[in-house]
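Participant: Chain by chain, the residues run as shown.
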Amino acid sequence: MKFAYVIGNCVATRKDEKVSGRKLLVIQPVNIKFKASGDPLVAIDAVGAGEGELVLYTSGSSARQTELTEGTPCDCVLMAIVDTVELHGNYIFDKTKESGQ
Amino acid sequence: MKFAYVIGNCVATRKDEKVSGRKLLVIQPVNIKFKASGDPLVAIDAVGAGEGELVLYTSGSSARQTELTEGTPCDCVLMAIVDTVELHGNYIFDKTKESGQ
Amino acid sequence: MKFAYVIGNCVATRKDEKVSGRKLLVIQPVNIKFKASGDPLVAIDAVGAGEGELVLYTSGSSARQTELTEGTPCDCVLMAIVDTVELHGNYIFDKTKESGQ
Amino acid sequence: MKFAYVIGNCVATRKDEKVSGRKLLVIQPVNIKFKASGDPLVAIDAVGAGEGELVLYTSGSSARQTELTEGTPCDCVLMAIVDTVELHGNYIFDKTKESGQ
Amino acid sequence: MKFAYVIGNCVATRKDEKVSGRKLLVIQPVNIKFKASGDPLVAIDAVGAGEGELVLYTSGSSARQTELTEGTPCDCVLMAIVDTVELHGNYIFDKTKESGQ
Chain U
23 MKFAYVIGNC VATRKDEKVS GRKLLVIQPV NIKFKASGDP LVAIDAVGAG EGELVLYTSG
83 SSARQTELTE GTPCDCVLMA IVDTVELHGN YIFDKTKESG Q
Chain X
23 MKFAYVIGNC VATRKDEKVS GRKLLVIQPV NIKFKASGDP LVAIDAVGAG EGELVLYTSG
83 SSARQTELTE GTPCDCVLMA IVDTVELHGN YIFDKTKESG Q
Chain P
23 MKFAYVIGNC VATRKDEKVS GRKLLVIQPV NIKFKASGDP LVAIDAVGAG EGELVLYTSG
83 SSARQTELTE GTPCDCVLMA IVDTVELHGN YIFDKTKESG Q
Chain R
23 MKFAYVIGNC VATRKDEKVS GRKLLVIQPV NIKFKASGDP LVAIDAVGAG EGELVLYTSG
83 SSARQTELTE GTPCDCVLMA IVDTVELHGN YIFDKTKESG Q
Chain Z
23 MKFAYVIGNC VATRKDEKVS GRKLLVIQPV NIKFKASGDP LVAIDAVGAG EGELVLYTSG
83 SSARQTELTE GTPCDCVLMA IVDTVELHGN YIFDKTKESG Q
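As you go down the protein sequences, you meet chains U, X, P, R and Z in turn. The number in my numbering is simply the position in the first sequence, starting from 1, with 22 added. The number in my numbering is simply the position in the second sequence, starting from 1, with 22 added. The number in my numbering is simply the position in the third sequence, starting from 1, with 22 added. The number in my numbering is simply the position in the fourth sequence, starting from 1, with 22 added. The number in my numbering is simply the position in the fifth sequence, starting from 1, with 22 added.
Heads up, a few of these hints could be off.
Since the list can't tell identical chains apart, any single copy or any two copies may satisfy a pair.
Below, in silico cross-link-like pairs of lysine-lysine (DSSO-like), each with a Cα-Cα straight-line distance of 27 Å or less [stated by the list, open to error]: (1) Lys119 <-> Lys55; (2) Lys117 <-> Lys40; (3) Lys45 <-> Lys57; (4) Lys57 <-> Lys117; (5) Lys57 <-> Lys119.
Treat the hints as calculated values from the structure; they're not laboratory data. Small disclaimer: the values here were computed from a predicted structure and weren't measured.
Turn these sequences into a full structure, and let the hints steer you where they fit.
Facilitator: This is how it looks when you write it as structure tokens:
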């Protein structure tokens with residue numbers, strides 16, 4: 023899984039019927055400093071994430087292993103909302119302190 | 023899923039029989055500014071997209087989860103035509119206003 | 023799928039028995055200008071491509087969806103020989119005129 | 023599989039129910055010199071690795087082939103703790119001598 | 023598939039039980055000039071390759087299609103030992119002449 027921020031959403035009325043009704047969130051993958059790294063992705067949200075939240079996303083066939091994405095043409099799913107990240111014994115992200123981004 | 027523009031098409035009379043009859047669209051993945059990023063891809067179109075449209079594409083095994091691509095040697099499918107993209111509360115793409123590209 | 027030129031072949035007498043007898047072609051992925059982009063790949067050929075031809079290849083699990091590659095440890099298959107590529111209304115590749123490369 | 027160091031952990035109380043109870047480790051992929059290469063990943067740990075250890079991780083659908091990750095939206099699993107690495111006849115990593123990182 | 027040299031091996035006594043007993047080889051992917059390209063990988067060997075040999079490796083789910091790797095958390099398998107590589111009509115690698123690397 024990789025870290026990303028939810029930065030927005032995307033509306034597409036014409037889409038494959040299997041993803042009908044799924045909300046499409048735009049996410050920005052981030053590096054170890056929580057800065058943007060690489061191009062934005064569009065993900066289906068399995069955990070009710072909101073804009074600005076740090077999340078984990080899963081790519082590829084594993085993205086189809088949630089109830090919401092099973093059997094759909096989805097290769098990117100949000101599967102966790104990050105509370106804290108601890109590296110080398112230091113908390114570098116704490117959601118309650120609204121650090122990051 | 024990732025953002026791309028449909029920039030053309032590709033004809034191949036000799037192709038694996040499982041993709042026989044499928045239209046092959048050439049798409050250009052784009053970055054957060056909707057500018058070209060990386061090499062072009064060739065996708066099977068599951069939503070009836072036209073040239074110039076901003077679309078979402080799915081890669082890998084998930085690309086085989088549409089009716090048109092099931093069981094075929096296809097690793098890239100167009101599965102949504104983008105109407106709007108909203109980032110940090112601002113509409114940065116609106117199809118009806120023909121913005122982008 | 024991605025564009026590549028067939029640039030040669032590779033012989034390997036000792037290989038996994040499931041790919042026994044399969045011809046291994048060396049291909050060079052290309053960018054939008056049909057110039058080399060990235061490292062060469064070795065693909066199993068499902069369409070009878072010859073050296074110098076512009077082809078489409080499929081990666082990952084989808085590469086196992088041809089009759090020749092089903093159930094084999096193959097992650098790259100040639101599944102189409104390109105006749106023409108049209109971008110923004112202009113033919114940028116036409117096999118009969120031997121353009122490209 | 024690729025080499026990485028375990029550099030920390032990540033807590034996410036809201037996550038897909040299928041990964042409920044799984045510990046999420048933050049890992050840093052490394053190059054041939056065992057220096058950081060690329061962005062950090064978050065992995066499920068199938069072998070009981072601890073911070074600072076050199077491990078091997080598996081990506082993609084293969085990451086779901088452990089008892090702990092089967093059927094879950096997990097695309098990255100720790101599946102081995104490295105004892106030694108020998109290149110061209112020289113030991114370049116030996117866990118008992120705490121080399122590396 | 024991609025080209026790589028076998029450059030060493032890796033010992034891991036603590037590893038997922040499904041890969042128990044499998045030898046782990048360290049391989050270095052190479053470019054068209056057979057020079058190192060990208061970070062080293064660790065692969066399970068399905069063909070009995072030795073250090074210094076030029077091999078082909080398969081990634082992703084296709085890496086699980088050998089007898090040795092079926093159902094295991096393995097995303098990289100050696101599936102062929104290269105004898106010769108011919109590009110544009112010239113042999114650029116011939117194992118019997120110990121060219122390369």
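Participant: Enumerate the violated hints, using their earlier numbering and listing them in ascending order.
Facilitator: No hint contradicted; all consistent.
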